[in-house]
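K.L.:
Single-letter residue listing:
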Amino acid sequence: MSPVGKPDCMVIGAGPAGLGAALAAREAGLKDVMLIERDVELGGILPQCIHDGFGSIVFDEVLTGPQYAQRYIDQVQAADIDVKLNTMVLEMAPDRRITAVNSREGIIEFEPRSIVLAMGCRERTRHQIMLPGFRPAGIICAGAAQRDINIDGIMPGRRVVILGSGDIGLIMARRFTLEGAEVEGVYEIMKHPGGLSRNVVQCLHDYDIPLHLSHTVTFIHGRRRVEAVTVAQVGEDLKPIKETERLVPCDSLVLSVGLIPENELSLQAGVELDPVTAGPVVDESMHTSVDGIFACGNVVSVFDLVDWVTRTAEAAGRGAAEYVLGKKKIRAPIRVKPGRNVRFVVPQLVRNLGREIDLYFRVEHPERAVRARVLAGGEQVYSRKARMVRPPEMIHAQISAVNAAGKVKEIKLEVVSHEE
Amino acid sequence: MPQQLSPLPSSADMVIVGAGVIGCSIAREAARYTSDVVILEKESDVADGTSKANNAEVHSGIGEDAGTLKQKLNVRGNQLYDEFVQGLGVEVKRHGMLIVVTQRTIPADPDGNLTEVEREEILTQKIPEGIVAYGENAGIKGLRVLTRDEVFRMEPNVTRDAVAGVYDQTYGLISPYKLTIALAEHAVINGARVFLDTEVTGFRLEDGRIRAVVTNHGEIETSIVVNAAGVFADEVADMAGAGGFVIHPRKGATLLFDRQVTAEYVRSSVAEFRLPGQRTTQSKGGGAMPTDEGNLQLGPTAIETGDKYDTSISAEEIEEIFERFHYLLPDFPRDAIISAFSGIRAPTLEEDFVIGASDDVHGFVNVAGIQSPGLASAPAIAEMVIGILHELGIPDVPRPDFDPVRPKPYRFSELSNDERDRLIREDPRWGHVICRCETVTEMEVVNAIHAIIPAVNMDAVKRRTRTGMGRCQGGFCHNRVAAILARELGIPITAVTKDGEGSPIFLAAAKDFLRGEEA
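These protein sequence lines are chains Z and P, in that order.
Under our numbering, the residue at position 393 of the first sequence is numbered 393, and the numbers go up by one with no gaps.
Under our numbering, the residue at position 108 of the second sequence is numbered 1108, and the numbers go up by one with no gaps.
No lab work stands behind these hints, which were simulated from the structure alone.
Keep in mind that the hints are not guaranteed to be accurate.
When the alpha-carbon atoms are kept at most 25 Å apart in a straight line, the in silico SDA-like pairs for lysine to any residue are as follows [claimed, not checked]:
(1) K1511/P to P249/Z
(2) K1511/P to I151/Z
(3) K84/Z to L1423/P
(4) K1511/P to G153/Z
(5) K1408/P to P1454/P
(6) K1511/P to Q202/Z
(7) K84/Z to D1418/P
(8) K1511/P to K337/Z
(9) K84/Z to E1426/P
(10) K84/Z to P1276/P
(11) K329/Z to N352/Z
(12) K1511/P to A228/Z
(13) K407/Z to E419/Z
(14) K337/Z to R246/Z
(15) K191/Z to R246/Z
One side only, chain Z facing chain P, incomplete, derived with CB under 10 Å [what the hints assert, rightly or not]:
(16) G53
(17) T87
(18) T99
(19) F134
(20) P136
(21) R158
(22) A181
(23) E182
(24) I220
(25) R225
(26) D251
(27) E264
(28) L267
For every residue, glycine included, the Cβ atom is placed at its ideal position computed from N, Cα and C.
Let the hints inform the model, and build the full structure from the sequences given.
P.N.:
Below you can see the structure in the form of structure tokens.
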């Protein structure tokens, strides 16, 4: 085996999070930054996202996924960052020792001075939502179907039923239609669509694809290939109503039923996870509970906009650089408490209120005419009105530097009615 | 040429119908005496029926009724197992089983017919001691009564309602499909031939004797047929006029969990002791047990189904399993579920094994009614059948040229880093990880496709390498595995199937639908 490499920073995963973090770490002064990617190319999931809607915040432009990725890929390639493609991290220890493998070098070992976790997320599968029925060919997650069609150029279905109205499901309803497949409908168990409103309009309404809210699939038929699914309306308790069951012939069931941060490596290293986000507990520098290990993007919490992924990646890259260069003063953390109608907040911890901090949160339920506000030690440090807030939309709140930051013991983020 | 594509031989010493664990066990044992064994399988892989979808249990025999053939062969099979798998590259892991006696085994008696002291004595002494005595009487060794504290020390996650237990140390687990594949390959190494996608459609008899097996791919002359057709054994026997039993399919559903979450949750297999009247189904009641790979499983259910192909799983079954085990394992992390599957048991109306030469058709041997503990009994069933085959004329002198070893395929995930490094230098495909969840490399997939029993579809590759068996369930690797199958088999990617004919993964190339074309 080759000698142990000791980069200043190792970034695991070269999607938008990893690309952004590697660049930020480099720009913040780290010389030896290594970017490890298990796939054949840089960009993560972006190369398969050929629709537009990326970059409106970061670039103030509307780009496709590949365009957005390419802007970072170009910079990474110009920035003297050591990129290893087709390379898979096998083990990560709490002391940051890493074992990886690729075909060219075999087993390779590293002792990086800092690590940024940027492994992204995976799709929730049919069994994780305990969907009954047979196990034939033709059951596929929306992102996997997207890869089949957009990267590999093969069609996993012709008569398609989509379960779940997450963004990828909506995008794929349109994509299947454009490829000449027939999308019978999109079924969503909740009363509200799971994806962004613009995607409901642009991907379903514009193509006359029906969206069946408060509906789910109750059984998958077909022993060898999907032949049909049974769908039913659900009651207030989200349980299917037997009398409303209806058989829908199809050859595929496409699932868009949620994303799960990929934290198997994080767990190996003993990183503390937040049970709500299923990602690492981080501070405003995206530092996890393990010394020198940072995390960003969808591995921390599933974001709906790539722009926010990039922002967290930049924070993580800068954080890793400060850590390695010894610039970071470690202060005791203050927990950011999710208050009224707040499901979670990322970062969960804040150490230094003396500078601007980005918070990201989701609400628990849709609500009209609200104000989101952040209280630091009782003092309001952020307040913004919103006509409507919905759980599918991650909300960003930038709080400004707080005077007398050292005295603050508690930070709370809450969503209250307009008038309060 | 892959074996299943070569023409059937015109004759064989013996023909086995069904390449499940029973058919392949018999084939491997028979190959010790004759090289002229043919196995016919109607599916596209060995172990493609009940042998791929059960709980991997090598029971001790404690759960079977005294005096049954099932119990006799179970106890014997368990004892033979380590020797049986020697040289196969698979192993039985004797995790042991913990049978937990709980408060609800005998509920507190408010009418006072039973004092608390008496109840306690029954629960903590009479029942566990009775279980041990029952097992010892059947020849099971290593049974031991556990106190409540010992139960918790062994399995900290079981219900606080536990009052005592019995530890059954000879109980083990073995991957039923890996075992079946290994047995089939070992038989083939020793001259046997396996024909997949080959369905028996009838038999030719002469003077009450078997003369030939008729299949969808032609006839094979033979004087001996072993019917190991699982849930279809009654139909196969009836084709020869050698039947007289009925298989009523009984479905068993199991839930499977992420091993990273559940690996340490139970160390042995854990089951709750229920009195006969408390069992809701015709089965031993199942349990919580690790697979041989460390994923926890909960199940199985036991539901009579009229359909021998009904491997579906219903919402009610899923709920029933969680409810059943919620009592035994109150804090079980149900969100860690990654998969669920159903298998079909093949019981007869008598609920016992039917093993023996037919009285009506000379040369026809039924090995039917095999349900749990069929996997545990496989070595003893094979031993018993070999005795019958000797009577029918298979030589009883072991072949001097019998090769005792079936080489075990390398598994990247099981190797040390030094071994991995060495293999990658020999062939870089060892360094190309295809399945990220289970760390499976390209070389393992290629090796499976070109193995002695070739894996020619996605499920067959999965059973040999674990591609797609992890938490993403193939989301990230299905297209890579399909591409390797297409490349190695020289077929278009639209011809790659999940599990044989009629189960294509992809339906067309992009744009084909727009051009009005389909695969």
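K.L.:
Does the structure break any of the earlier hints, and which numbers would those be?
P.N.:
Numbers 8, 10, 13, 14, 16 - these are the hints that the structure violates, sorted from lowest upward.
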